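Participant: When you get a sec, could you build the whole thing from the sequences and use the hints?
Under full-length UniProt numbering, the first residue of the sequence shown is numbered 1, with each subsequent residue one higher.
Honestly, the hints are just simulated from the structure, not real lab data. Mixed in with the good hints, there may be bad ones.
To be verified - In silico DSSO-like links for lysine-lysine, alpha-carbon gap of 30 Å or less:
#1 Lys128 x Lys95
#2 Lys95 x Lys127
#3 Lys200 x Lys189
#4 Lys158 x Lys95
#5 Lys216 x Lys154
#6 Lys309 x Lys319
#7 Lys319 x Lys356
#8 Lys163 x Lys135
#9 Lys158 x Lys216
Said to hold, decoys possible - Just the calculated beta-carbon pair ranges, DEER-fashion:
#10 Asp156 x Ile181: 16 to 26 Å
#11 Tyr352 x Pro125: 53 to 63 Å
#12 Lys119 x Asp56: 55 to 65 Å
Just so you know, these numbers come straight off a predicted model, no measurement behind them. Cβ coordinates follow ideal geometry from the N, Cα and C atoms, glycine included.
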Amino acid sequence: MYFLSNQHGSALGMMKRISSSFGRPTKVVSLSQRNTAPSRHGGNNNTTFGRTEVIDNTLNPDFVRKFILDYFFEERQNLKFDLYDVDSKSSNLSKHDFLGQAFCTLGEVVGSLCGRMEKPLGGIPGKKCGTIIVKAEELSNCRESVMMQFCANKLDKKDFFGKSDPFLVFYRSNEDGTFTICHKTEVVKVNLNPVWQAFKIPVRALCNGDFDRTIKVEVYDWDRDGGHDFIGEFSTSYRELSRGQSQFNVYEVTLLSFLVDIEVTFLDYIKGNPSQPTSLHYMNPYQLNAYAIALKAVGEIIQDYDSDKMFPALGFGAKLPPDGRISHEFALNGNPKNPYCNGIDGVMEAYYQSLKSVQLYGPTNFSPVINHVARYAASIKDESQYFILLIITDGVISDMAQTKESIVNAACLPMSIIIVGVGPAEFDAMIELDGDAVRISSRGRYAERDIVQFVPFRDYIDHTGNHILSMARLAKDVLAEIPDQFLSYMRTRGINPSPAPPLCTPPGHPLQTQI
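Facilitator: The following block contains the structure:
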């Protein structure tokens, strides 16, 4: 396992599996981060994270070694995987046979279904190079930090004219059996019974998140010339330390305290808490939040064109009771078998009730709800219905590739998608989905027609506080493209309006028309 210190983002463990059509080579994968445009011979364009172990004589290697990477939601983190057939003990990859490569972003892996991404290997013209499977997961134990304090008793006297000046050095063990220094205590001057200050260290720095990995501690007597005298050492593990106060009898070093602290990550913040005024879902008893305003503004107009006024309302990105499973397609009314709500007022009521029962949680995936509506639209064979999906979002999207694929697939169905962006975020991804400037595409296939309309809610806020005016402005623009989208679908398929019923005229009064 390779370790990279994580200063900001969420730590992610990455595992790799290869399926290929080569002979039976000895294989190794090199993982790099691409800083600029991808290039097989990019030189300085790539920063190498590390290499997997070598697996001998297999067409389908399942690599054990993991990579721990920093995940920054706000950055595009380009990755490159290179596969080689190892021919010698040389560490120079140019001395080995190149078998293929794959490019992706860390966001693609994280946003893939179950964090599992599968990509074809390329890089050799005219040859099928097999497939790479990459899986990512957030390492929850790497979010912990630990506060520890040690003391010692009756240490050896190393200074001829005085007592020792002791300090501790902590090392984490590596997979290759070596050790890496991860912490030094302060020096306690002239004391054979020192009590060192408590210190805080991330668990990932102490043991790479492996609770049973060896931690080595060395005790030294400080010397001004840097030639510190070795007093002794002992080995332990995070699991052993976590059992609390204990003594390492060989060198009389005692653990005085051990306190664990959980570091919060980006994913914790995007869970959201509707009871906090900072949340876009905040349930203010005196006014509607942005989500509710958008629901009413668009819904109250759309419902006039629906015969039964029954609307399925879905949420995405939440932990559901009772087991806390994460869902990207759940019924707001709590009834997955019948998610329909009676009118927009029913949708509003279901929305408010769901905020009290679910825990908002990332990542934010759009494709499940788009596919949900697409299944309804695809089931209509007589062209008697047209579906409009309203998505209200803060702009965060975790499955951009899958969402584009879903929209391209849905473009041939009787449906339109309205996206209203709420909050202060940048909505570049939503603008791309809108497709007004460039028709949306996925894997080289373009959408048959434009079915997405996006508007940022902040552009329609009336600064005098008049929500009715805000709603009117929003509804006007957000629904402006729907008639043209509807007509483009009907016209391309040669669908004509149903014949109007014959007019009923009183006897003796002929129907008069004027042309």
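Participant: Given the hint that Lys216 pairs with Lys154, does the C-alpha gap stay at or below 30 Å?
Facilitator: holds, 20 Å
Participant: Would you mind confirming whether the straight-line C-alpha gap from Lys319 to Lys356 stays at or under 30 Å?
Facilitator: holds, 12 Å
Participant: Lys163 and Lys135 were given as a pair; does the straight-line alpha-carbon distance stay at or below 30 Å?
Facilitator: violated, 54 Å
Participant: Between the beta carbons of Tyr352 and Pro125, is the distance compatible with 53 to 63 Å?
Facilitator: holds, 58 Å
Participant: Would you mind confirming whether the straight-line C-alpha gap from Lys158 to Lys216 stays at or under 30 Å?
Facilitator: holds, 21 Å
Participant: Between Lys158 and Lys95, does the CA-CA distance stay at or below 30 Å?
Facilitator: With a Cα-Cα distance of about 51 Å, the restraint between Lys158 and Lys95 is violated, given a limit of 30 Å.
Participant: State, for the Cβ atoms of Lys119 and Asp56, whether the hinted interval 55 to 65 Å holds or is violated.
Facilitator: Taking Cβ atoms as reference, Lys119 and Asp56 lie about 24 Å apart, which means the hint is violated.
Participant: Lys95 and Lys127 were given as a pair; does the straight-line alpha-carbon distance stay at or below 30 Å?
Facilitator: holds, 21 Å
Participant: Okay, Asp156 versus Ile181 on CB: inside 16 to 26 Å?
Facilitator: holds, 22 Å
Participant: Are the Cα atoms of Lys128 and Lys95 separated by 30 Å or less?
Facilitator: At roughly 22 Å apart (the allowed maximum being 30 Å), Lys95 and Lys128 satisfy the hint.
Participant: Below or equal to 30 Å on CA atoms is what counts here, so check Lys309 against Lys319.
Facilitator: holds, 29 Å
Participant: Given the hint that Lys200 pairs with Lys189, does the C-alpha gap stay at or below 30 Å?
Facilitator: This hinted pair holds, its Cα atoms lying about 22 Å apart.
Violated hints, listed in ascending order, are 4, 8, 12; each of the other numbered hints is respected by the structure.
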